[in-house]
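Asks: Each protein sequence line maps, in turn, to chains X and Z. If you're matching positions, the first sequence starts at 58 in the numbering used here and goes up one per residue. If you're matching positions, the second sequence starts at 58 in the numbering used here and goes up one per residue.
Hints are supplied without guarantee of correctness; some may be wrong.
Note that identical chains are pooled: a pair holds if it fits in a single copy or bridges any two copies.
Mimicking SDA-like on lysine to any residue, the simulated pairs with C-alpha atoms at most 25 Å apart in a straight line are [what the hints assert, rightly or not]: (1) K107 x I398; (2) K157 x C356; (3) K153 x S405; (4) K272 x N187; (5) K71 x R117; (6) K363 x G240; (7) K153 x A319; (8) K153 x T130; (9) K71 x T412; (10) K359 x P328.
Derived by calculation from the structure, the hints in this document are not laboratory data.
Number of protein chains: 2
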Amino acid sequence: MNFTCLELHKGVKKIFESAGFNPGDSQIIADVLLAAEKRGIPSHGIIRIKDYLGLLSKGRLNPTPLISIVYETPSTFVIDGDSGAGMVVAKFAMDKAIEKARTSYTAWVAVRNSNHFGISGYYSMMAAANDMIGISMTNANPLVAPPFSTDRLLGTNPIAVAVPAGEEPDFVADFATTPIARGKLELYEKMNQKVADMLVQDKYGKPSNDPAILKDGGAILPLGGDPEHGSHKGFCMSAIVDIFSAVFSGAGFGPFVPPQLAYLTPVKDAPGIGLGHFFGAMRIDAFQPADEFKSYMDCWIKTFRKGKTIEGIDHLIIPGDPEREKEQLSEKNGLTVNEKIMDELFESLNKMGITSPF
Amino acid sequence: MNFTCLELHKGVKKIFESAGFNPGDSQIIADVLLAAEKRGIPSHGIIRIKDYLGLLSKGRLNPTPLISIVYETPSTFVIDGDSGAGMVVAKFAMDKAIEKARTSYTAWVAVRNSNHFGISGYYSMMAAANDMIGISMTNANPLVAPPFSTDRLLGTNPIAVAVPAGEEPDFVADFATTPIARGKLELYEKMNQKVADMLVQDKYGKPSNDPAILKDGGAILPLGGDPEHGSHKGFCMSAIVDIFSAVFSGAGFGPFVPPQLAYLTPVKDAPGIGLGHFFGAMRIDAFQPADEFKSYMDCWIKTFRKGKTIEGIDHLIIPGDPEREKEQLSEKNGLTVNEKIMDELFESLNKMGITSPF
Numbered sequence: 058m059n060f061t062c063l064e065l066h067k068g069v070k071k072i073f074e075s076a077g078f079n080p081g082d083s084q085i086i087a088d089v090l091l092a093a094e095k096r097g098i099p100s101h102g103i104i105r106i107k108d109y110l111g112l113l114s115k116g117r118l119n120p121t122p123l124i125s126i127v128y129e130t131p132s133t134f135v136i137d138g139d140s141g142a143g144m145v146v147a148k149f150a151m152d153k154a155i156e157k158a159r160t161s162y163t164a165w166v167a168v169r170n171s172n173h174f175g176i177s178g179y180y181s182m183m184a185a186a187n188d189m190i191g192i193s194m195t196n197a198n199p200l201v202a203p204p205f206s207t208d209r210l211l212g213t214n215p216i217a218v219a220v221p222a223g224e225e226p227d228f229v230a231d232f233a234t235t236p237i238a239r240g241k242l243e244l245y246e247k248m249n250q251k252v253a254d255m256l257v258q259d260k261y262g263k264p265s266n267d268p269a270i271l272k273d274g275g276a277i278l279p280l281g282g283d284p285e286h287g288s289h290k291g292f293c294m295s296a297i298v299d300i301f302s303a304v305f306s307g308a309g310f311g312p313f314v315p316p317q318l319a320y321l322t323p324v325k326d327a328p329g330i331g332l333g334h335f336f337g338a339m340r341i342d343a344f345q346p347a348d349e350f351k352s353y354m355d356c357w358i359k360t361f362r363k364g365k366t367i368e369g370i371d372h373l374i375i376p377g378d379p380e381r382e383k384e385q386l387s388e389k390n391g392l393t394v395n396e397k398i399m400d401e402l403f404e405s406l407n408k409m410g411i412t413s414p415f
Numbered sequence: 058m059n060f061t062c063l064e065l066h067k068g069v070k071k072i073f074e075s076a077g078f079n080p081g082d083s084q085i086i087a088d089v090l091l092a093a094e095k096r097g098i099p100s101h102g103i104i105r106i107k108d109y110l111g112l113l114s115k116g117r118l119n120p121t122p123l124i125s126i127v128y129e130t131p132s133t134f135v136i137d138g139d140s141g142a143g144m145v146v147a148k149f150a151m152d153k154a155i156e157k158a159r160t161s162y163t164a165w166v167a168v169r170n171s172n173h174f175g176i177s178g179y180y181s182m183m184a185a186a187n188d189m190i191g192i193s194m195t196n197a198n199p200l201v202a203p204p205f206s207t208d209r210l211l212g213t214n215p216i217a218v219a220v221p222a223g224e225e226p227d228f229v230a231d232f233a234t235t236p237i238a239r240g241k242l243e244l245y246e247k248m249n250q251k252v253a254d255m256l257v258q259d260k261y262g263k264p265s266n267d268p269a270i271l272k273d274g275g276a277i278l279p280l281g282g283d284p285e286h287g288s289h290k291g292f293c294m295s296a297i298v299d300i301f302s303a304v305f306s307g308a309g310f311g312p313f314v315p316p317q318l319a320y321l322t323p324v325k326d327a328p329g330i331g332l333g334h335f336f337g338a339m340r341i342d343a344f345q346p347a348d349e350f351k352s353y354m355d356c357w358i359k360t361f362r363k364g365k366t367i368e369g370i371d372h373l374i375i376p377g378d379p380e381r382e383k384e385q386l387s388e389k390n391g392l393t394v395n396e397k398i399m400d401e402l403f404e405s406l407n408k409m410g411i412t413s414p415f
């Protein structure tokens, strides 16, 4: 189905309002989901609404959370999200980090008792818009097996880092610590496509090309694929994200992250509370006068942009370029959402007794 | 050749004293090089001494640096290493970060005008020994090509993160953001072994298995190997390390990192000064009372240690386990250094007119 960005945003906002969220929070959720669609990351857009509504209907997502600061020091704090929507909790946390960094120059926030927060890059870009380096990470559904393991102990645990530039667009890296994201496997499955080697394994730890293998005890591999290609390094990255997001904050870690899918049951008597995030904001003038910082960052970007390419490739890609270009096109041409995804959404709205706004 | 750890440490210290370093700095360099040998990372140990001496003889390494803080805010600072040995500069920086974090709870240091600092984990472990989370990263010789590029624009840019635990040994992740480190390629070459697919490419960007391909314009691939397996994510990690180490501090970035090999010439009129590092120290009680933090980190480690394994594997590996176990064995059984590495060292000492201490 085709939409203008505004139509789709209005509709998404209305869905969350109908589901019991206040207009401000519905707006935040719609902002982040639409940012994913516009930036060409549909795995984190409309496809997720059915999951959020499912969690809501099971009482695992709180539409009216009381988000609070539960621990604070001169440069850090810990937030309890009261089981709210990840976007609402994460935006609250990054707003507070930006505010605190104004006086402490850097500020770091660990968050517990939250839920899936959409694209990680959204929050790091909030800091960059305030002349700060933004760092954002989250743990996620346990679907990733460490090297030599058949156990799903980690999530795809993404990291995003945004660094302000001057003339050039900001550097925005936003990536899962696995070679493939769960949402992408779901898209492959919907398109009846196999996945490449060294991305997923079956329940015995043997190689697989089945995008639906997670439903049969399989697992996603860490970045690197196998130990010979450095999968222990991908595992380290993913473990660091899990520890920063959950051990720092007291959230559920690794296998105890509450699944962000209503048909999967959270582990009983799990240590920790809810899903965890970690955010950082560092003023660029914490290291150099802001103008000098930006001009040197421009120099970095220009240097990499004009790197030599292999045959057939026009120019190198700076992290953030493809998403920004896609966003501009989306604003101009509108968005297309896969029919199957819309059908699932309609079905989910129907179950909840919500009239579709589309 | 076989040594006790103490013999080898004494000898290395003596070499640097003979080369013009003061006893305190020679001790620090020996500490870090020996830590690499003992922890089973010989690619960052004795094999590097010839490179350091080569840089020294070309005036690119300053044996008597005046290391200074050139910029400071409540939670950050920037250090100029005056072209000193990376170990000496890095230890100074992490000591200062630990000191600052005592009052500001977190402290972040960007370093310019430094050189190769050995194993990244050494500095993050300094913080962990002080009940702080330690973060350490550095940029390095440009040898890594971004996805779709034939240009060596990045180094193997390692990251280390150490997190204090309670009953359990600390979590210590220390890894290059490439599937293979340069030092390891050098070891493969010395052992006349080919390397696996998807680790290096030739000068045209085509696959290669030659560990010596870097000498013929080839490049190391980012973690992930190829774009289908997420090499853009390894590129992002490596770029982040480069930006944090060099753009924040004003060091040489990417292709302008001064090569840590005397036979390679630094780029003329390059932007930035010397090689860059980035360090962070965060008190664990910046997030939770220290005892609770440690006990929850123990819980994380125990959970992952007892994860299910594939057939034939006894137990899962926690980052830091293999290096710690190797260190204990090395202390007990002594160290063996490859004959070719010792021969090259003797040759290098000879050229410098230094009597071998071995």
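Asks: Next step is simple, just say for each hint if it's right about the structure.
Replies: Consistency of the hints with the structure:
| no. | hint | result |
| --- | --- | --- |
| 1 | K107 x I398 | within (9 Å within a copy, 60 Å between copies) |
| 2 | K157 x C356 | neither (29 Å within a copy, 31 Å between copies) |
| 3 | K153 x S405 | neither (34 Å within a copy, 55 Å between copies) |
| 4 | K272 x N187 | neither (42 Å within a copy, 44 Å between copies) |
| 5 | K71 x R117 | within (21 Å within a copy, 64 Å between copies) |
| 6 | K363 x G240 | neither (32 Å within a copy, 28 Å between copies) |
| 7 | K153 x A319 | neither (30 Å within a copy, 48 Å between copies) |
| 8 | K153 x T130 | both (13 Å within a copy, 20 Å between copies) |
| 9 | K71 x T412 | within (10 Å within a copy, 80 Å between copies) |
| 10 | K359 x P328 | between (47 Å within a copy, 13 Å between copies) |
Figure legend: structure checked against the earlier numbered hints; hints not met, in rising order: 2, 3, 4, 6 and 7.
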